[in-house]
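Novice: Go by the hints and put chain B with the ligands onto chain A.
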Amino acid sequence: MNKLIISPSPHVHGEFSTKRLMRDVVIALLPALLVSFYFFGFGAVKVVGLSVISCVVFEFLIQKFLLKTAPSINDLSAVVTGLILSLNLPSNLPWWIVIIGSLIAIGVGKMVFGGLGNNPFNPALVGRVFLLIARPVEMTTWPLPLTAVTPDATTGATPLAIIKEGLKNGLTIDQIKESSDYTFSYLDTLFGQIGGSLGEVSAVALLLGFAYLLVRKVITWHIPVSIFAAVIVFSGILHFANPDRFIDPLFHLLTGGMILGAVYMATDYVTSPMTLKGMMVYGTGIGLLTILIRTFGSYPEGISFAILFMNAIVPLINKYMKPKLFGEVK
Amino acid sequence: MIKTFNRGGVHPPENKISRNAALEQLVPEGIIRIFISQHIGAPAECIVAKGDKVKTGQLIAKANGFVSANVHSSVSGTVLGIENIADYQGIKKPAVCIQVEGDEWEESIDRSAEINRDLSKTSEEILAKITEAGLVGLGGATFPTHVKLAVPKGKTAKAIIINGAECEPYLTSDHRVMLERGEELLIGVQLLKKAVNVDKAYIGIETNKQDAIDSLKKTAVNYSGIEIVSLEPKYPQGGEKQLIKSITGIEVPDRALPIETGCIVSNICTTLAVYEAVQKNKPLFENSITVTGKNLKIQKNFIVRVGTPLSQLIKAIGGIPENTGKIISGGPMMGRAVSNLEAPTMKGSGAVLFITDDEAKRGTKSNCIRCSKCVAACPMRLQPFLLYKLAERNMLEELKEISVHACIECGCCLYTCPANLPLVDYIRLGKTRAMKLIVKPK
Ligand code: SF4
Ligand code: SF4
Numbered sequence: 010m011n012k013l014i015i016s017p018s019p020h021v022h023g024e025f026s027t028k029r030l031m032r033d034v035v036i037a038l039l040p041a042l043l044v045s046f047y048f049f050g051f052g053a054v055k056v057v058g059l060s061v062i063s064c065v066v067f068e069f070l071i072q073k074f075l076l077k078t079a080p081s082i083n084d085l086s087a088v089v090t091g092l093i094l095s096l097n098l099p100s101n102l103p104w105w106i107v108i109i110g111s112l113i114a115i116g117v118g119k120m121v122f123g124g125l126g127n128n129p130f131n132p133a134l135v136g137r138v139f140l141l142i143a144r145p146v147e148m149t150t151w152p153l154p155l156t157a158v159t160p161d162a163t164t165g166a167t168p169l170a171i172i173k174e175g176l177k178n179g180l181t182i183d184q185i186k187e188s189s190d191y192t193f194s195y196l197d198t199l200f201g202q203i204g205g206s207l208g209e210v211s212a213v214a215l216l217l218g219f220a221y222l223l224v225r226k227v228i229t230w231h232i233p234v235s236i237f238a239a240v241i242v243f244s245g246i247l248h249f250a251n252p253d254r255f256i257d258p259l260f261h262l263l264t265g266g267m268i269l270g271a272v273y274m275a276t277d278y279v280t281s282p283m284t285l286k287g288m289m290v291y292g293t294g295i296g297l298l299t300i301l302i303r304t305f306g307s308y309p310e311g312i313s314f315a316i317l318f319m320n321a322i323v324p325l326i327n328k329y330m331k332p333k334l335f336g337e338v339k
Numbered sequence: 073m074i075k076t077f078n079r080g081g082v083h084p085p086e087n088k089i090s091r092n093a094a095l096e097q098l099v100p101e102g103i104i105r106i107f108i109s110q111h112i113g114a115p116a117e118c119i120v121a122k123g124d125k126v127k128t129g130q131l132i133a134k135a136n137g138f139v140s141a142n143v144h145s146s147v148s149g150t151v152l153g154i155e156n157i158a159d160y161q162g163i164k165k166p167a168v169c170i171q172v173e174g175d176e177w178e179e180s181i182d183r184s185a186e187i188n189r190d191l192s193k194t195s196e197e198i199l200a201k202i203t204e205a206g207l208v209g210l211g212g213a214t215f216p217t218h219v220k221l222a223v224p225k226g227k228t229a230k231a232i233i234i235n236g237a238e239c240e241p242y243l244t245s246d247h248r249v250m251l252e253r254g255e256e257l258l259i260g261v262q263l264l265k266k267a268v269n270v271d272k273a274y275i276g277i278e279t280n281k282q283d284a285i286d287s288l289k290k291t292a293v294n295y296s297g298i299e300i301v302s303l304e305p306k307y308p309q310g311g312e313k314q315l316i317k318s319i320t321g322i323e324v325p326d327r328a329l330p331i332e333t334g335c336i337v338s339n340i341c342t343t344l345a346v347y348e349a350v351q352k353n354k355p356l357f358e359n360s361i362t363v364t365g366k367n368l369k370i371q372k373n374f375i376v377r378v379g380t381p382l383s384q385l386i387k388a389i390g391g392i393p394e395n396t397g398k399i400i401s402g403g404p405m406m407g408r409a410v411s412n413l414e415a416p417t418m419k420g421s422g423a424v425l426f427i428t429d430d431e432a433k434r435g436t437k438s439n440c441i442r443c444s445k446c447v448a449a450c451p452m453r454l455q456p457f458l459l460y461k462l463a464e465r466n467m468l469e470e471l472k473e474i475s476v477h478a479c480i481e482c483g484c485c486l487y488t489c490p491a492n493l494p495l496v497d498y499i500r501l502g503k504t505r506a507m508k509l510i511v512k513p514k
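Residue numbers (the numbering used here), protein chains in the order written: chain A, 10 to 339; chain B, 73 to 514.
In case anyone wonders, no lab produced these hints; they're calculated from the structure. Hints are all accurate, no fakes.
Here are the simulated lysine-lysine pairs, DSS-like style, with alpha carbons at most 30 angstroms apart:
# : chain 1 : residue 1 : chain 2 : residue 2
1 : A       : K331      : B       : K461
2 : B       : K508      : A       : K339
3 : A       : K286      : B       : K437
4 : A       : K226      : B       : K437
5 : B       : K433      : A       : K28
6 : A       : K333      : B       : K472
7 : A       : K73       : B       : K461
8 : A       : K226      : B       : K366
Okay, chain A solo, but in the shape it has when bound (with noise of 0.2 angstroms):
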């Protein structure tokens, strides 16, 4: 007989990995991936492979040649950090500003603080924030989908950039919704007929993956539902003070990568909170900025740079949103 084991309890372990915990990222965000190919077709593929597989490379390379640690591309966080990164692109952006996104969301985003769990702000979100403030242009140049009445590739703004330069015009919300350039429905916001980045145009491929989520256990509904609810209350109230300023909750839930941001983004473990309290407390913060940037601030959209500003804030948070101990006697 081979000799026994003697160790502390517990003896046996639960069924989490980090990589099963990543893997099943992965395959959440498999429907929207799906959506934004068929869309976006070979421009979308290209975006998507680059930026993932530049992200595992550039985690190898740093972590075999400058940190001299072992490389744990293993378990697939690099992977999860390409996807997302890449779902906030263009599928039209050249090539080499993918890799250059890449290359700052893992080496600033994550390996400057030490890796995976000690990184403050979300990496896929570090190399979009910089993408954008160092190439504006090819960031916001958005390729509309594919379509029977577009068979070309063409290029459009989003909604949400086209109620902003309406507004700034002068109009109301009802006379940019009657406008030319205005084609879209709720029902395109929902399966994807719309211009954006890769990940933010079909809500039910992006609904259908949190669900997923959430029956693996991978998140809870804490972040994601606290940021809807924080959206439709702020944006609600302001919609009904005066509707033609200011357009109305659905919109704001259904465009700009609300959803992408809210499920995927926010909810990465390491940027968010410790407590479901101070989870809610996050998310609500994330929902009220999205809402101030959009409608107030100079980009039309507001929830990177939401969710950045709250990833900051975090550590505070854990400090005064502790669980409240069993029994505990004031």
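Specialist: Relative to chain A, chain B with the ligands alone:
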């Protein structure tokens, strides 16, 4: 309505593969070694010497003070001597060694199978019998039962809670006792109620033992003031604090004893032992032990005499199977790994579990990904990831600040951690160190 505690806890695969194995007496043979101290508190005082003849159930070591318990012989035979014997973990302790000769019981013990339903004894009489019989908590803590039933001045007992949760995976001996000795168990509950003068008792049972719930409910009709409560299967529901919370909704205040809530918790096997001690005059010298494992061909629920060498139990199930990685005394979540197969069983021994190589391996640890799963799993609502970090760095003051004392070492955090961090290992260490500081400030 199915109840449970509200936050934390995990639900590992139940693996109750021995659930259908009826209780079965394991006949003692060879040499039996009975530890003089089988309880928390002062060791008992040995009153037999080499060469003495003893009978089954005869007192061999007397309680030494109030927080102590009598120890009785579990067999009949000749005392070979008092020796230092290694326990499951290899730690040597004095034990009375007895050569088994037949099985002659003390005459005072009622060995008939007839159920004694007489409930006329007074509280004092019941407590005296329990003390005499050397009863200790059989859930693992082995705290002397008569001490537990002594309600401190200024506190009042309101209800007895019987722990039929058996929330650890694999274990089934409580389940079998509830099924096979149901009525005796309920009489035991009535005796406990009388002993502490309360008129309400709850038996909490997880719904994965629906047959036990049904049969006890049926029998309980004849006994007033006993409520069978269905509990949602969740570990560590059998923990005293969690069980009280599940059943009454009240949380035991931090740093206080359960009696603060008016509840006294007793284990299934202890309650049966109360029945046997009071109604049958039978001291505690045997207990039910589940012998189980995925790689075992036969699964057993044995009634084992205290002091039986582990090797005898292993022999009874056909030896250690090939791919055994670990042998555990107790359940997989809180049991202890066994290193000495010749060690004798004790009053509190509840199970012998064979864990396969695959099950026993812990994954390699990686960075904490701050997934907060450990926080969500902690039934005491601590922050295991933080406790771990502080314990690793031996930061004792900070550990105390975030309530390391409240950790019940249930292992839920480690069980759930995707990064395979040895959370509870370090927290346990940090807790022991930090708590010592509290006792002996520099
Ligand atoms: S479960 Fe493990 S990886 Fe997750 S936060 Fe806790 S310690 Fe970190
Ligand atoms: S072992 Fe301690 S810290 Fe870990 S889950 Fe249990 S009570 Fe919480």
